[in-house]
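Novice: Here is how the chains run, residue by residue.
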Amino acid sequence: MEAAAAGGGCGSGPPPLLLSEGEQQCYSELFARCAGAAGGGPGPGAPEASRVAPGTVTAAAGPVADLFRASQLPAETLHQITELCGAKRVGYFGPTQFYVALKLIAAAQSGLPVRIESIKCELPLPRFMMSKNDGEIRFGNPAELHGTKVQIPYLTTEKNSFKRMDDEDKQQETQSPTMSPLASPPSSPPHYQRVPLSHGYSKLRSSAEQMHPAPYEARQPLVQPEGSSSGGPGTKPLRHQTSLIRSFSVERELQDNSSYLDEPWRITEEQREYYVNQFRSLQPDPSSFISGSVAKNFFTKSKLSIPELSYIWELSDADCDGALTLPEFCAAFHLIVARKNGYPLPEGLPPTLQPEYLQAAFPKPKWDCQLFDSYSESLPANQQPRDLNRMETSVKDTADLPVPTQDVTGDDKQVLKSTVNEALPKDVSEDPATPKDSNSLKARPRSRSYSSTSIEEAMKRGEDPPTPPPRPQKTHSRASSLDLNKVFQPSVPATKSGLLPPPPALPPRPCPSQSEQVLEAELPPQLSRAPSQAAESSPSKKDVPYSQPPSKPIRRKFRPENQATENQEPSTVGSGPASAATVKPHPTVQKQSSKQKKAIQTAIRKNKEANAVLARLNSELQQQLKEVHQERIALENQLEQLRPVTVL
Amino acid sequence: MAVCVAVIAKENYPLYIRSTPTENELKFHYMVHTSLDVVDEKISAMGKALVDQRELYLGLLYPTEDYKVYGYVTNSKVKFVMVVDSSNTALRDNEIRSMFRKLHNSYTDVMCNPFYNPGDRIQSRFVSLGRAFDNMVTSMMIQVC
Chain A
1 MEAAAAGGGC GSGPPPLLLS EGEQQCYSEL FARCAGAAGG GPGPGAPEAS RVAPGTVTAA
61 AGPVADLFRA SQLPAETLHQ ITELCGAKRV GYFGPTQFYV ALKLIAAAQS GLPVRIESIK
121 CELPLPRFMM SKNDGEIRFG NPAELHGTKV QIPYLTTEKN SFKRMDDEDK QQETQSPTMS
181 PLASPPSSPP HYQRVPLSHG YSKLRSSAEQ MHPAPYEARQ PLVQPEGSSS GGPGTKPLRH
241 QTSLIRSFSV ERELQDNSSY LDEPWRITEE QREYYVNQFR SLQPDPSSFI SGSVAKNFFT
301 KSKLSIPELS YIWELSDADC DGALTLPEFC AAFHLIVARK NGYPLPEGLP PTLQPEYLQA
361 AFPKPKWDCQ LFDSYSESLP ANQQPRDLNR METSVKDTAD LPVPTQDVTG DDKQVLKSTV
421 NEALPKDVSE DPATPKDSNS LKARPRSRSY SSTSIEEAMK RGEDPPTPPP RPQKTHSRAS
481 SLDLNKVFQP SVPATKSGLL PPPPALPPRP CPSQSEQVLE AELPPQLSRA PSQAAESSPS
541 KKDVPYSQPP SKPIRRKFRP ENQATENQEP STVGSGPASA ATVKPHPTVQ KQSSKQKKAI
601 QTAIRKNKEA NAVLARLNSE LQQQLKEVHQ ERIALENQLE QLRPVTVL
Chain B
1 MAVCVAVIAK ENYPLYIRST PTENELKFHY MVHTSLDVVD EKISAMGKAL VDQRELYLGL
61 LYPTEDYKVY GYVTNSKVKF VMVVDSSNTA LRDNEIRSMF RKLHNSYTDV MCNPFYNPGD
121 RIQSRFVSLG RAFDNMVTSM MIQVC
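The listed protein sequences derive, respectively, from chains A and B. For the first sequence, full-length UniProt numbering begins at 1 and goes up steadily by one. For the second sequence, full-length UniProt numbering begins at 1 and goes up steadily by one.
These are calculated hints, taken from the structure and not from any lab test. Yeah, the Cβ is synthetic: ideal placement off N, Cα and C, and Gly gets one too. Check the hints yourself; a few may be wrong.
Anything over 10 Å on all C-beta distances counts as not near chain B; from chain A, calculated [stated by the list, open to error]:
(1) Asp317
(2) Ala615
(3) Gln622
Mimicking SDA-like on lysine to any residue, the simulated pairs with C-alpha atoms at most 25 Å apart in a straight line are [to be verified]:
(4) Lys296/A <-> Asp120/B
(5) Lys296/A <-> Asp37/B
(6) Lys296/A <-> Thr108/B
(7) Lys303/A <-> Gly119/B
(8) Lys77/B <-> Lys303/A
Between beta-carbon pairs, the in silico distance windows are [claimed, not checked]:
(9) Glu29/A <-> Asn105/B: 27 to 33 Å
(10) Ser86/B <-> Ser293/A: 42 to 48 Å
(11) Ser293/A <-> Asn105/B: 41 to 47 Å
Construct the entire structure; sequences and hints are all you get.
Specialist: Right, dumping it as structure tokens:
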């Protein structure tokens with residue numbers, strides 16, 4: 001909150017007071033309390049506040065002094081403050097003086113020097129170690145309005161209730177005799193306020209003791225106040241305190257009922273694991289975040305109302321980026337769980353649910369998957385089994401895990417592969433004309449079975465994206481009719497990307513495609529290629545090809561095959577002339593290319609078959625078209641014949 | 001400082017309007033409504049330039065006897081209108097700009113909430129979204145003692 005640039009204060013002494021709304025609220029509350037306790041004659045208290053001007057609302061000096069003392073500032077500071085605020089001068093604590101004093105107290109508590117200038121800047125509210133100031137403490141951090149930490153009030157009230165009693169006892173013991181000791185509560189109005197509070201808080205103290213036994217014991221050597229205060233009069237709490245007490249007792253009960261040992265906003269181990277599992281079901285990567293829409297769908301399943309869910313989101317999305325990281329998600333989930341169990345939602349994110357706290361508390365996300373609500377964690381779960389050793393939870397769960405996850409993984413991998421298979425041939429075959437689509441459609445079911453090889457061949461095809469994949473060769477190495485060869489022959493386009501034009505049909509050989517590629521009609525182009533290949537080869541090796549012309553045709557039959565299948569490997573081409581006489585490189589080269597050749601051949605076969613089917617279909621449809629044409633002509637003739645009869 | 005703060009949607013209906021309850025709120029509603037014309041006028045005047053160059057802060061829309069009305073437009077044509085007291089002479093332009101910037105940031109935070117449907121009212125009466133937005137607006141409309 002910012003201090004307003006407002007007009008001047010109402011008092012002449014102190015400087016213009018800049019108060020924010022929260023400050024004003026709590027100051028006025030404090031003032032009312034102090035004034036309300038004034039009743040008749042105030043306790044003498046501090047010497048400077050002995051007179052009370054009639055007709056003005058002033059804060060009684062006694063409660064004011066107590067309040068100031070409760071701020072835990074040294075006595076001289078308090079004197080300074082009272083002096084500065086003008087109460088000494090005026091003689092009483094009017095509202096202005098009181099407010100200035102409070103502001104100065106806040107400044108002093110923040111470590112600023114007690115001067116008039118200090119109150120000009122914005123300050124947190126003064127903190128008083130008194131139970132009646134619980135309400136203040138709730139407003140206590142206006143600067144953090146967005147994330148007011150409710151747990152701090154809980155804790156501080158407990159601490160306060162302890163401290164207050166001790167401090168007040170000590171102070172009373174050391175005080176001037178003007179302050180009556182706590183043991184005689186009805187004797188003075190200043191104590192009147194405190195007693196009912198203490199009574200109200202005594203029950204809180206018991207639970208608070210459980211919460212923080214250690215620090216309290218260290219701090220409080222005196223435990224006597226409990227007995228003396230509860231021996232006080234019947235509770236007649238002031239208006240201001242009843243509501244506070246009631247609210248706190250209710251909340252304290254809730255806390256007692258909660259998962260013990262900690263506040264309800266603290267996430268236990270099991271809860272944490274459950275949340276982490278849920279997170280992974282939505283988003284496999286633990287370090288990234290869940291988008292808003294995904295989280296929205298997920299949290300809507302919790303059947304909380306939309307306003308509550310949006311409020312929970314507001315609380316938990318600390319960086320307001322529309323997405324939940326793992327700690328944010330855990331916080332949100334925890335809030336939802338708490339809400340469903342009936343806890344009211346906090347005003348601000350509790351400190352135990354802050355992302356930094358969660359990350360610090362649980363640095364290593366635990367991947368023990370004891371709760372599987374969804375199936376999709378296959379891959380990451382598979383990677384995590386090695387981390388499961390850290391878990392102190394049931395080991396048998398981890399033993400059970402690898403089996404199902406691996407199965408799921410296997411399925412997933414197959415699914416992945418198949419999708420990849422589908423994707424690649426699809427992409428490749430979309431390039432050529434539409435007849436190819438049916439080829440691809442037919443090719444796909446087969447390609448799935450040849451998982452790796454089809455990928456390779458598809459990859460090869462994909463290597464020439466601009467050019468359509470090479471037309472299938474019109475050879476039929478297996479059982480397919482030679483008629484189709486002749487049918488397709490005239491329509492064979494020029495070869496692309498190195499595949500040779502289809503050779504005439506020949507009886508199948510052990511390496512049918514190779515031989516078919518090579519023989520007869522290909523000799524002239526091959527021979528023409530020979531000089532080109534010779535030119536490619538190193539000059540020193542020129543003699544070799546030329547010296548062995550008769551063996552060229554035989555050798556070249558592998559060469560074009562190499563060119564056909566491995567365009568990208570000029571080394572094989574170069575190796576050809578180098579090892580002219582020997583046939584050894586040929587088998588090795590052959591082996592390299594044979595696999596690819598086979599893959600290509602299978603694809604070619606499939607395409608051929610698809611082509612055949614389409615061609616048949618086409619011819620049939622053409623037939624039907626002709627017939628329909630003829631029918632139409634006949635009908636038109638009839639119509640013409642009939643027409644002159646009717647139209648007269 | 002600000003006496004009334006309003007957030008108006010692109011279609012010129014109010015998403016959020018809040019004024020200090022000292023006087024009848026209807027008057028402020030009316031003022032905001034009339035200021036929309038001025039806002040549109042300014043947008044169209046600046047609209048000749050590219051949208052990127054258009055500045056978001058529109059400045060003083062029009063002064064009345066008691067109040068001054070300032071405007072601010074986001075890139076998605078969501079308008080913020082703020083009415084301040086004329087007696088606040090200490091208020092400078094920069095401060096108004098910073099207030100609008102804070103408004104804009106809070107509004108963005110509200111938008112980030114996936115449970116918020118754009119076009120809904122920014123309610124904070126119930127335990128719902130907009131609480132932070134409301135708090136921020138409250139901080140701008142403080143009362144002086």
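Novice: Now look at each hint and say whether the structure bears it out.
Specialist: Structure-based check of each hint:
{"no.": "1", "hint": "Asp317", "in the structure": "violated, 7 Å"}
{"no.": "2", "hint": "Ala615", "in the structure": "holds, 56 Å"}
{"no.": "3", "hint": "Gln622", "in the structure": "holds, 58 Å"}
{"no.": "4", "hint": "Lys296/A <-> Asp120/B", "in the structure": "holds, 17 Å"}
{"no.": "5", "hint": "Lys296/A <-> Asp37/B", "in the structure": "violated, 37 Å"}
{"no.": "6", "hint": "Lys296/A <-> Thr108/B", "in the structure": "holds, 18 Å"}
{"no.": "7", "hint": "Lys303/A <-> Gly119/B", "in the structure": "holds, 23 Å"}
{"no.": "8", "hint": "Lys77/B <-> Lys303/A", "in the structure": "violated, 34 Å"}
{"no.": "9", "hint": "Glu29/A <-> Asn105/B: 27 to 33 Å", "in the structure": "holds, 31 Å"}
{"no.": "10", "hint": "Ser86/B <-> Ser293/A: 42 to 48 Å", "in the structure": "holds, 46 Å"}
{"no.": "11", "hint": "Ser293/A <-> Asn105/B: 41 to 47 Å", "in the structure": "violated, 22 Å"}
The structure shown violates the earlier hints numbered 1, 5, 8 and 11.
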